[in-house]
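Once you've looked at the hints, go ahead and assemble the two chains, each given alone in its own frame, into the complex.
So the sequences go chain by chain: A and B.
Going left to right, the first sequence walks through residues 0 to 313 as numbering that gives the first Met the number 0 numbers them.
Going left to right, the second sequence walks through residues 0 to 281 as numbering that gives the first Met the number 0 numbers them.
Wrong hints could be hidden among the right ones.
[To be verified] Ranges between beta-carbon positions, derived for each pair:
| no. | chain 1 | residue 1 | chain 2 | residue 2 | range |
| --- | --- | --- | --- | --- | --- |
| 1 | B | L24 | A | Q76 | 25 to 35 Å |
| 2 | A | G258 | B | V192 | 45 to 55 Å |
| 3 | B | P71 | A | S211 | 52 to 62 Å |
| 4 | A | F69 | B | M177 | 36 to 46 Å |
| 5 | A | W302 | B | P225 | 39 to 49 Å |
| 6 | B | R12 | A | S211 | 47 to 57 Å |
| 7 | B | M177 | A | V79 | 55 to 65 Å |
| 8 | B | L172 | A | Y47 | 53 to 63 Å |
[What the hints assert, rightly or not] Coverage of chain A stretches by chain B, computed from C-beta distances (three or more under 8 Å per stretch; other residues unrestricted):
| no. | region |
| --- | --- |
| 9 | 69-83 |
| 10 | 105-116 |
| 11 | 219-231 |
| 12 | 256-262 |
By construction, these hints were calculated from the structure, which means they are not laboratory data.
Every residue gets a Cβ at the ideal spot worked out from N, C-alpha and C, and that includes glycine.
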Amino acid sequence: MSARNLAGGAVAAVPAHKRNRWRDNHDRFVGFLLLMPLVALILGLTVYPISQVMQLSTQQQGLFSTESTFVGLQNFQNVVQHEAFGRSVKNTFTFAFGSLSLQMAIGLAVALLLNRQFPLNTPIRGAMLFSYLVPYVVAAMTWKFMFSDATGILNYFIRWSGLPMAASPFGSLDWSMFGVILVNTWKNFPFMVLVFLAQLQTIDQELYEAASVDGASTFQQFWNITLPSLIPIMLVVGMLRTIWNFNNFEVVFLLTQGGPIGRTETLPLLIYRFVFGEFSLGRGAALAVIVFFILVSMSIVYWIFYERMQEKFR
Amino acid sequence: MKSISPAARRFERTILLLCAITVLLIVLLPLVWMFFASFKPNTELFERPPQLFPKVWTVEHYIELWNFTSFPRYFVNTFLVAGIACVVGLVVSLCSVYAVTRFQFIGARPFTFGVLFIYMLPPILLALPFFRIWFNLGQLNSLPALAITYLTITLPFSLWILRPYIEAIPRALEEAAMIDGCTRFQAFRKVIVPQAWPGIIATFVFTFVVVWNELLYSLVLISDEPKRTVSLGIASLILETSVYSWGLVNAAGVLATVPVLFLFALVTRHMVAGLGAGAVKG
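Chain B with its partners taken away, still in its complex shape (with noise of 0.2 Å):
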């Protein structure tokens, strides 16, 4: 292997090339087919045999969708959600994994692997209760209730992915600052939280990204049009009728994704890390 010359190891590493790039299409394609036709007119998109890119360019769809359907309204609803769910869930999470780094606890052991079991269990296990729960409480349709049922997805991600990020920061940097005056609280508030930053920014992306891709809560809790989720809403063009609108259909499903390729983009090194935490960092 050492013997090969520069040339084979430029033409081998071209091969390379054309096959991840090869394969990388065929991943892609589905998004990319989504994406160019929803800039097609209706027309073209029921054209045989089926082109990639539109003849002619249109947003009509984006448009339709802007003033013709709740969806300006349910993108709101699932910030609103998402961000409340991520917030608390993260805040929540902070204090308990430096509690559990901290001090020594009876229990603390099984009590965090038992957190990791919420990731197991079926969310229907769950959804199914709670629809009763919010039933009994009269709070079904409610966004609120809503987000207090998306801590579910939200504490376990959240407390997995921090705990490597805060048991990093070397303990010598707090005590420190508790000699020089500063009450514990402080220490948490200038040294860890800020060491933590990263680590917190990713759990933040890593947790919104998953509530705003999830749809069996939405769907057992919300039935009110006005208080539909992305996901939801996507969900009920896809299964409620059997004549598609594909047009519409299509930016809707480009407008869900826009976000949380955004925030990928934003923090891919940390994503990267985050999306394995959970499973192999545990």
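Chain A on its own, in the form it takes in the complex (with noise of 0.2 Å):
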């Protein structure tokens, strides 16, 4: 939206009958001034270090030694063969994916709850947005706490009630994913909700009121009248979302360590473990190159939909 009304925009910063040569040209200068510190920075910061991770991906190079030898794509095929590889990537999709479905649908229930009006409305969405505010490190500490064996709420609910669950999951073989996704959950569904009660607004009253004197249920007003007007943005949030629990690198880290025995290892976790773990920056690199390629892929998916949700939404 903003990048199509900047063409419009800069022929109106100089009117026609003022323009002259000198001046337009000194002003395109001082613009390009201003834009240059932005576009080093970029080069340095990020298309710079990707290079680096490019071409240690070829090499065969111990984390703190200074030699490298030039490898080919041997450390692809060892990262492919790795007996770890196949189980992070599944791994990365269930926890991925099951993030997403538990955020979306928990802050689709509290987006819809927070957009009826009533008493306290705007504190109680200032304040439903606090677990996504606190750092990861807070997130995890009080989570590990609750669910800790000699001290924990949660694990003592869960012995009490008898619930048919892992006491402590984060260190059970048949939990621990479950209890990565719930803290993941828990610490970025407000986004949603966010999101959600932010396009909730948009839709307009009267067709709720049409509909209700055509006499259509409450859920057929959801079904009909909300659900559409939320799929394009269900669409790109969920793309977003979907993106960053994949490559969410804190929570499972901070929580169960990839463990045990690898039940929550994603592949931000064994990227990690090859390089500080195993000392194998070049095995790393490659692992990081086989993420960027799954997430390019990705991420061109997004932009295909964020274009077309543009076309239509004008």
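If you want it as structure tokens, here you go:
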């Protein structure tokens, strides 16, 4: 949206009758100067590091050594054949989409609730964001505390109530993945609430009035009015969230460090293990490059959605 | 729906309020639990069944944190690093957003989308080469190096939050200033900056919170104990020991949360707009 306004705006900046070549060129030069720091920083802070990763992925290189040997695609072969690779890919997708569906469902339900009118609505909306704002370390710490064997309230509650669930899920083979998804959902669902609420407020209330005059039930109204107007934003935010869940390192690292026996080891954690656990920079870089290409393809899909949505809702 | 009586409506609103409060309590329970636990003496922390409220309130964990750990140092470190990264990110983005919205450049659109793409890179992908780069330059364990690395976070966020604010300022305003004899720089300083001030504050707060919360870069780049950030300090408490001093960790968690919620309360309205901005307004 914004970039399209840009063309018109730039022409309007200098009215035609005042335009003279010197002023024009001078102005453009100033604009160029203003843009330079950003370009330099982006090149230095993202393009260069990414090219470094690409280069490292073809080297055999220890973490703290200065020597490296070119090994071609050997690292890639090693990574793909590594016993943890397939498992990590599966874990990453389970984690990303498991979190996504929970975040979506809870986010939508809470947004629908908060979209109604009731007293104290605004402060409650604000407080609902708290879990999104706290640091990951705090989120991980407090959940670990609540599930800990000696001190945890949730641990105690599960034992007391006999829920069919491990009382300390982060150490359990079957429940550790659920545990990390739960915490990731708790941490990030407010983002969905925020986005959905913003979208819900754009829906024309007359649509609902007309529908209820025509005798549509609440569910029919939701299905035929609310949901269709949310779907575009759901696609876009869903894509973004998928990628962010995909990239998430902190939740799993802090809660389980990938364990027990690799049950929650996602791709970012596997990269971390290759590099800082096994000191093999080359293999870590190779896996990072693989992840990078998975994400580039996912981002292209996101971009296509993004463009389409813009065309539709201009 | 229109025929609902006032009494029925009041009843409905009360029910909705109760639902919302219940949801809110569930969401906030972990934080509330942390808060009260940080004031419990050690014996009460291990009590079964666990109680929410301390029977005896104590600040011993906070005193221990202040006197016997390096956490005060960590707070100073994090404030410095986050402050530098946010201010630099903000200034650079302000200039470039202004340039992109006021002048026409070939490739501006792909470039700005490219910056958005940084959002989607896994942090570990950048942390890895940064480790190597700073290692080669002998700058591992350096807080300035960490601040520079954080620009990869603050730049894209600042760009995308600031943009709508700058775009909304009518060009006529600065043209008028320039006709009255201002140079472009003066117009920028006296017209654009004051007009975009709410956006600038929101951007600063938002990026500050994001950097404050960040863990991975500091985990990878910092290993010297006195140079840790708050997140890294708490992370090492959670990760390094198997028997936790829970009171201490909870107190540290509370203190790490306070600045975030404080800043949030300060600029609630802008924050709420800012949080969604990157994803929706882009």
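Okay, the hints, checked on the actual structure:
A hinted range of 25 to 35 Å for the beta carbons of B/L24 and A/Q76 is inconsistent with their spacing of about 53 Å. Between A/G258 and B/V192 the Cβ separation comes to about 51 Å, which falls inside the hinted range of 45 to 55 Å. The hint said 52 to 62 Å for the Cβ distance between B/P71 and A/S211, and at roughly 60 Å that hint holds. Between A/F69 and B/M177 the Cβ separation comes to about 57 Å, which falls outside the hinted range of 36 to 46 Å.
Restraint check, A/W302 to B/P225: a C-beta distance of roughly 44 Å satisfies the suggested window 39 to 49 Å. Here the CB-CB span from B/R12 to A/S211 is close to 18 Å, at odds with the stated 47 to 57 Å. At roughly 60 Å, the beta-carbon separation of B/M177 and A/V79 lies within the given 55 to 65 Å, and the hint holds. Look at B/L172 against A/Y47: about 38 Å separates their beta carbons, and that is not inside 53 to 63 Å.
Chain B is given as covering the region 69-83 of chain A, and this is violated because 0 residues of the stretch bring a CB closer than 8 Å to a CB of that chain, at least three being needed. Using a Cβ-Cβ cut-off of 8 Å, 5 residues of the region 105-116 of chain A lie near chain B, which meets the minimum of three, so the contact claim holds. For a cut-off of 8 Å, the count of residues in the region 219-231 of chain A with a CB near a CB of chain B stands at 0, and the three-residue condition is violated. Here's how the region 256-262 of chain A fares: 1 of its residues keep a CB closer than 8 Å to some CB of chain B, so the rule of at least three is not met and the hint is violated.
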